[in-house]
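**Student:** The lines below spell out each chain.
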Amino acid sequence: MLDFMDNVQNAFYEASHWNLDNSYGALNATARALLDFQTPKGLRLQISSLAAPNFATSYTLGNVGVVDGSVSYLYSSLPLHRKLKSSELDLHHVVRGYRHLQELRKPDEDWWWEIWHSGTRIDRRDTLLYGRIFLPQSRLEALYLRRLTPTRQLRVSAVSDSALNNGGTILTLLQNDTGKYSTEYLYSTDSALMGVRGLYNFGADPRVAPTNPVTTQQTSEIVHGRFSAGAELYYGLLNKSGGISTGLRFTTLPDHTGFPYTMTLTLNPLMGNLSSTYAVKAGHNLALCSRFDFNFYSYESELQLGCELWRRRRSSTDVEWAVNKIRPDWKQATSTPDDDVSGILKARVDQDWRIGLLWEGRIKELLFTLGASLDLRKREQVFRAVGIELQYSS
Amino acid sequence: MAFNFNWSPLIADTSRARDMLTTALNKSPKPPIIVDDIIVTELNLGSTPPELEILEIGDLAEDRFRGIFKMSYTGDAFLTLKTKVQANPLNTYLSTKPDFASPMPLAASSGLTIPLQITLSDIRLSGFVILVFSKQKGITLVFRNDPLESLKVSSTFDSIPFVRDYLQKVIEEQLRVLFMDDLPAIIHRLSLRLFVPEFQELETETEERLDGSHDTTAPIDPLLTPPQDAIDSFGNPIDVSQLTALSLDPTSEMHASFSKSNILRLAALSESQRTLSLFTPGIQEAVFRAWANNADQPNSGAATPALTQSSLSRIQSTFGSIRSHASSVASGSTGQETYSSRPTIVSNYSAPAGLSLGANRGTRGQMRKRKKRVVDLRRNKEGAESSGVSTEASTPLQSTSVSETASSVIPEEREKEEALAIPPKSASESHFPSKAAHENLNVGGEPSRLMEQSASADGLLPAAPLLADAPKLSRPKQKAAAVSAVPIYLHEPSEQDQLQHQQQQQHNQYQRSSSSSRPPLSRNRLRPTQQATSPLLRSLSFDKVTSLSSAAAANSKFPSSPPYAESTSSSSGGILEQAWMMKMASEIARKVQVEERKRREGGSQGNERRGRGGKEARAATTGGIWTAEEEDAPPPAYVA
Chain A
1 MLDFMDNVQN AFYEASHWNL DNSYGALNAT ARALLDFQTP KGLRLQISSL AAPNFATSYT
61 LGNVGVVDGS VSYLYSSLPL HRKLKSSELD LHHVVRGYRH LQELRKPDED WWWEIWHSGT
121 RIDRRDTLLY GRIFLPQSRL EALYLRRLTP TRQLRVSAVS DSALNNGGTI LTLLQNDTGK
181 YSTEYLYSTD SALMGVRGLY NFGADPRVAP TNPVTTQQTS EIVHGRFSAG AELYYGLLNK
241 SGGISTGLRF TTLPDHTGFP YTMTLTLNPL MGNLSSTYAV KAGHNLALCS RFDFNFYSYE
301 SELQLGCELW RRRRSSTDVE WAVNKIRPDW KQATSTPDDD VSGILKARVD QDWRIGLLWE
361 GRIKELLFTL GASLDLRKRE QVFRAVGIEL QYSS
Chain B
1 MAFNFNWSPL IADTSRARDM LTTALNKSPK PPIIVDDIIV TELNLGSTPP ELEILEIGDL
61 AEDRFRGIFK MSYTGDAFLT LKTKVQANPL NTYLSTKPDF ASPMPLAASS GLTIPLQITL
121 SDIRLSGFVI LVFSKQKGIT LVFRNDPLES LKVSSTFDSI PFVRDYLQKV IEEQLRVLFM
181 DDLPAIIHRL SLRLFVPEFQ ELETETEERL DGSHDTTAPI DPLLTPPQDA IDSFGNPIDV
241 SQLTALSLDP TSEMHASFSK SNILRLAALS ESQRTLSLFT PGIQEAVFRA WANNADQPNS
301 GAATPALTQS SLSRIQSTFG SIRSHASSVA SGSTGQETYS SRPTIVSNYS APAGLSLGAN
361 RGTRGQMRKR KKRVVDLRRN KEGAESSGVS TEASTPLQST SVSETASSVI PEEREKEEAL
421 AIPPKSASES HFPSKAAHEN LNVGGEPSRL MEQSASADGL LPAAPLLADA PKLSRPKQKA
481 AAVSAVPIYL HEPSEQDQLQ HQQQQQHNQY QRSSSSSRPP LSRNRLRPTQ QATSPLLRSL
541 SFDKVTSLSS AAAANSKFPS SPPYAESTSS SSGGILEQAW MMKMASEIAR KVQVEERKRR
601 EGGSQGNERR GRGGKEARAA TTGGIWTAEE EDAPPPAYVA
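As given, the protein sequences belong to chains A and B, one line each in that order.
Just so we're aligned: 135 in UniProt numbering is position 135 of the first sequence, and the numbers increase by one with no gaps anywhere.
Just so we're aligned: 57 in UniProt numbering is position 57 of the second sequence, and the numbers increase by one with no gaps anywhere.
Excised from the complex, chain A in its bound form:
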């Protein structure tokens, strides 16, 4: 389940019209959400609050090690209006699962952001500041996020920890997203790593609105999916080593009539690694994903399977017939979304019979995450880690 602060940051992206999915780094976000989810370890409690639309705090207490915890604060110059109370937030916002990509939207015009007051521009760039300190370790995380223009964003993240080389590391990331393509430039102080990432979306350019009236033939031919290609390149100046990868993705768009699905193929030509994923949303409540890795230098291969299942409560049988009769839009009358969700099950298994299980959901006003990772090969110690996380936010 997504951390409260991550949820707030996503709310900031949403409020400032930044498309997180249109980045090469998010090319296989669906597969990662379904296959690489973290299972909690031990007990962790989180109490958080969006005290004001611009200010959020969060406190975490865990028992990894002895007792550890963290305190975090977040300030956003942009008022955030997403529902963040644990009793009423949308579970789809905090449970990462199959990512259903939306149609690309045209980026904001520069002048949309301008606010004039008595002849002078008074608008400010949207900024987000975030800090988090982990207490026994005295580790500090800081984030500075600034929307420079409607198509550009600067993200500076830093970690200060005496256990790290040079006492910490800073990563600067400059992102451009025009809809049709996106580019990212990054620099990390650690070994002076520099990187470039780019993603190009084939198909219509969202910036150019179709001027000709759409004919009936065109509507029947309309593509219900999007094809994207990207690449990344890294080079560490100090250790003179680098990395490269390219990737392709095809995903269906909301107007696709069949099952939504996503396919990706990534290739690391330097290391000879080829990875393909296929994820399908097989129903309203079920998503399946598989990934196959192959290394054509070492001939090592790996297969992972995962699924996500939303379990909903049955409404009582005596009113069920009535619920079925009413119009679909009337169903939305309930005050909180996903009120009938009793839990979300995520599971993954790989060819070595390592299994990860996650059960997430909401009880009353608490969000819980229960997880375990198992290794069936090791008979004497099947449970590798078990944990529970509780979140409350107001």
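Simulated from the structure, these hints should not be mistaken for lab results.
Only a predicted model underlies this, so the values are computations on that prediction, with no experimental measurement involved.
Worth double-checking, as some hints may not be accurate.
Unchecked claim - Derived SDA-like pairs (lysine to any residue); straight-line CA-CA distance at most 25 Å:
1) K97(B) - V341(A)
2) K97(B) - L129(A)
3) K30(B) - D161(A)
4) K27(B) - L129(A)
Unchecked claim - Over the 10 Å line for every Cβ pair with chain B, so calculated as not near, a few chain A residues:
5) H81
6) R152
7) L171
Claimed, not checked - One side only, chain B facing chain A, incomplete, derived with CB under 10 Å:
8) T22
9) L90
10) N91
11) K97
12) P98
13) A101
14) P103
15) P105
16) A107
17) A108
18) S109
19) L112
20) I114
21) F162
All C-beta atoms in this analysis are idealised placements derived from N, C-alpha and C, irrespective of residue type, glycine included.
Model the placement of chain B on the given structure of chain A, informed by the hints.
**Tutor:** Just chain B now, with coordinates in the frame of chain A:
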């Protein structure tokens, strides 16, 4: 004089050495680039033996040897390792970095593991080697300096200069650690396997125990501190050197005779007395007794510790650890001695630890210092015994642990007395049965010894001859006390009771000390222990302990049946005397604390052993004066 080094048999079978090298290499945390275990596939010692030049021979006999060599090796030995490495630098780089500021590459960091074969050859060594050999304790080999001069690393990646240099650097570092730390341990284990047949059976037991040894509550048997067992139980290089250090005192020869089978037999013997069984196992060529009455050697109490109570208690504690249930019950019967005698055990153990500290890289100067310390002791013995501390110092080297005990007990005891508000304190003790067992078995020993000392400081009597002897006089009283104490604690102890009890306890202590410091009694106590020819068949102390424990077992609902009440039955000490004793005790405690602080400031450098368990650590801190000196004790090889 000539030595004949036979190199060829060493070449023959290296499989065992290979296994040990494999475990040694995988022990330390590996750099992230190595993603699999390091396996030693081939080990060849080559046909050229190392050149050895004898610099000094400290000790030479048929079954033991101690000497220093200058070694240089330019032979053709080689070693082949196999492992898997992560070939993607981005992967290893990111694996050590926090996620928050990570660039999170999509696939650029995907891993590529490559099997790697490394051959180490052209090894050039030169250095000073300290070699200690004893038939009983195997071979101890320590490098005084870093012996590795150069070596050639050839690997699968020789064509890539960056990787080659990196491997060369990393492997040289690892090898240095291997030579300085792991190799001595390996050689010692191998030699033990060769020379000491008992070691093999013990080792299997040890390996089981090793898992539990990280536990702070893991039992540390005082019996096992003598050389052979100490090594066996933990297989630590420090123990190895400690062993040679201990071999200096004649006591170790005695302890060496406590083989495992003997201990088992003794355990069975004493166990048979805890039950109603009439069976008494016979031990060949031995007479089971604890009291002797011959007064032939009035001054030798300290010099013959082998048969003193402490050694007896060692025997018992061993079987105590074997059968911990019974002893846990018995622990209740010891009362305050439980606390005060615990540091005894610990310091018994820690004293050798201190000795061994400097062993690996000591210098001659330290050796001299140590010798001097022994001289100091003797001088003190003759000289003033006006202060408690100096009386402690007056015990000869062999009983160092005993005197340490005395010094360390004081602060401990005082604290404990304060913390002792609740009578059934041994309820918590009994969770650690074997510990409790030691405590039990030292019944009446150390604490009253301490009191003897302080009493002697009072001028009542010169303490030195008494030191190594346990005041068994208090035992009969204890027995009576235990019996009487049980009914006392049958009713719920109220706060007043507790207070009373505390007072009693203090009182009792002083009284016992005063009574035990009466010269004739203590003499009587002391001498018998040194006599091997006594016809008594049964140890009175055993008798006492067993009867106590059985009493306690009968009343196991009241695990603590403390003998505190004893004081009421014994002669009462004057208030003045009591006050004086308090003062003395606090004085001694203060001195010990000062010493301890001094030591802490000085000797906080890498005492590996101290970190091993809470108990030992505590022992080191409560060790008092002696641990301070012993920390920079010379290597065994130097102490001729």
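**Student:** Any hints from earlier that this structure breaks? Give me their numbers in increasing order, please.
**Tutor:** 1, 4, 7, 8
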